[in-house]
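One-letter residues, chain by chain:
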Amino acid sequence: NAGVMQNPRHLVRRRGQEARLRCSPMKGHSHVYWYRQLPEEGLKFMVYLQKENIIDESGMPKERFSAEFPKEGPSILRIQQVVRGDSAAYFCASSPPVQGAINYGYTFGSGTRLTVV
Amino acid sequence: QKEVEQDPGPLSVPEGAIVSLNCTYSNSAFQYFMWYRQYSRKGPELLMYTYSSGNKEDGRFTAQVDKSSKYISLFIRDSQPSDSATYLCAMIAGGFKTIFGAGTRLFVKA
Numbered sequence: 010n011a012g013v014m015q016n017p018r019h020l021v022r023r024r025g026q027e028a029r030l031r032c033s034p035m036k037g038h039s040h041v042y043w044y045r046q047l048p049e050e051g052l053k054f055m056v057y058l059q060k061e062n063i064i065d066e067s068g069m070p071k072e073r074f075s076a077e078f079p080k081e082g083p084s085i086l087r088i089q090q091v092v093r094g095d096s097a098a099y100f101c102a103s104s105p106p107v108q109g110a111i112n113y114g115y116t117f118g119s120g121t122r123l124t125v126v
Numbered sequence: 054q055k056e057v058e059q060d061p062g063p064l065s066v067p068e069g070a071i072v073s074l075n076c077t078y079s080n081s082a083f084q085y086f087m088w089y090r091q092y093s094r095k096g097p098e099l100l101m102y103t104y105s106s107g108n109k110e111d112g113r114f115t116a117q118v119d120k121s122s123k124y125i126s127l128f129i130r131d132s133q134p135s136d137s138a139t140y141l142c143a144m145i146a147g148g149f150k151t152i153f154g155a156g157t158r159l160f161v162k163a
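Protein chains in written order, with this note's numbering: chain X, 10 to 126; chain V, 54 to 163.
Calculated from the structure, these hints are not laboratory results. Every residue gets a Cβ at the ideal spot worked out from N, C-alpha and C, and that includes glycine. Misleading hints may appear alongside valid ones.
To be verified - Subject to a maximum C-alpha distance of 20 Å in a straight line, what follows is the list of computed EDC-like cross-link-like pairs (lysine to aspartate or glutamate):
#1 X:K53 / V:D60
#2 X:K53 / V:E56
#3 V:K123 / V:E68
#4 V:K95 / X:D65
What the hints assert, rightly or not - Chain X is faced by these chain V residues, among others (derived, beta-carbon under 8 Å):
#5 P61
#6 G62
#7 M87
#8 Y102
#9 A146
#10 K150
#11 T151
Stated by the list, open to error - Chain V regions said to be covered by chain X (calculated; three or more residues, Cβ under 8 Å):
#12 90-100
#13 132-138
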């Protein structure tokens, strides 16, 4: 029973390139959450998605960032025209439907470490 | 003011010590309180979950919530070197969005 799978584990991009981060939720989980982690700052909420729906994107920067969770395939976090300040660890988490997040917490992936050079 | 405040440490203790980790929060709507453990280069994993005020014990771990003081704690008894990790408190108001503290780095010396 695979957990939350994120890839790639490490991603290096030059300034101005696009970064695509992928997340496959745990089997049976239909809710996906993306968080960004910077040193000494903890995990910052970015977006919450269900299949084909963005439920809450209040933590997403207004420009360059987008997320999707298509009917088939993994959830994708896309960062266009990356800048050095985008360098961080990006974690994906999944849960059963909303009550599951309250009752069982999240299951996190191992993260994608993005480095912008 | 951050919604959730947590001292980043680091906290260094000898093996066998009792460890106390704490968070304070400002949003009185928080009802669900969790502690996650994160090892280096890994994703956080859920350790403890409590609803509202009170204590919850699981093996060497005890979680305490004091809603009147907006203060939560995690106690680790008989700490082991394998407990060395970053511990993040987390809270939910009632929907889905989990708010995390910055995390406290713990080192348990053998």
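Restraint satisfaction for A146 (chain V) [CB to CB of chain X, less than 8 Å]: Result: violated, 10 Å to nearest chain X Cβ.
8 Å C-beta criterion, at least three residues: is the stretch 90-100 of chain V covered by chain X: holds (count 6)
Chain X contact restraint on M87 (chain V) - CB to CB distance below 8 Å: holds, 5 Å
Supplied contact hint for Y102 (chain V), tested at 8 Å Cβ to chain X: At 6 Å from the nearest chain X Cβ, Y102 (chain V) passes the 8 Å test, so the hint holds.
When the least beta-carbon distance from G62 (chain V) to chain X is tested against 8 Å, hint result: At about 10 Å, which exceeds the 8 Å cut-off, the nearest Cβ of chain X leaves the hint on G62 (chain V) violated.
Coverage claim, chain X over the stretch 132-138 of chain V, checked by counting residues with Cβ within 8 Å (three needed): Result for this restraint: violated, n = 0.
Hinted pair K53 (chain X) and E56 (chain V), Cα distance within 20 Å: Judged against 20 Å, a Cα distance of about 12 Å means the pair holds.
Hint status (Cβ of T151 (chain V) to nearest Cβ of chain X, threshold 8 Å): Constraint on T151 (chain V) satisfied, holds at 7 Å.
Satisfaction of hint between E68 (chain V) and K123 (chain V), Cα-Cα up to 20 Å: Distance of about 30 Å is beyond 20 Å: violated.
Restraint check, 8 Å cut-off on beta carbons, for K150 (chain V) near chain X: This hint holds: K150 (chain V) lies near chain X, its Cβ roughly 6 Å from the closest one there, short of 8 Å.
Straight-line alpha-carbon gap K53 (chain X) to D60 (chain V), limit 20 Å: Distance ~17 Å between K53 (chain X) and D60 (chain V) Cα, so the pair holds.
Straight-line alpha-carbon gap K95 (chain V) to D65 (chain X), limit 20 Å: Distance of about 25 Å is beyond 20 Å: violated.
Against the hints set out earlier in the document, violations occur for numbers 3, 4, 6, 9, 13.
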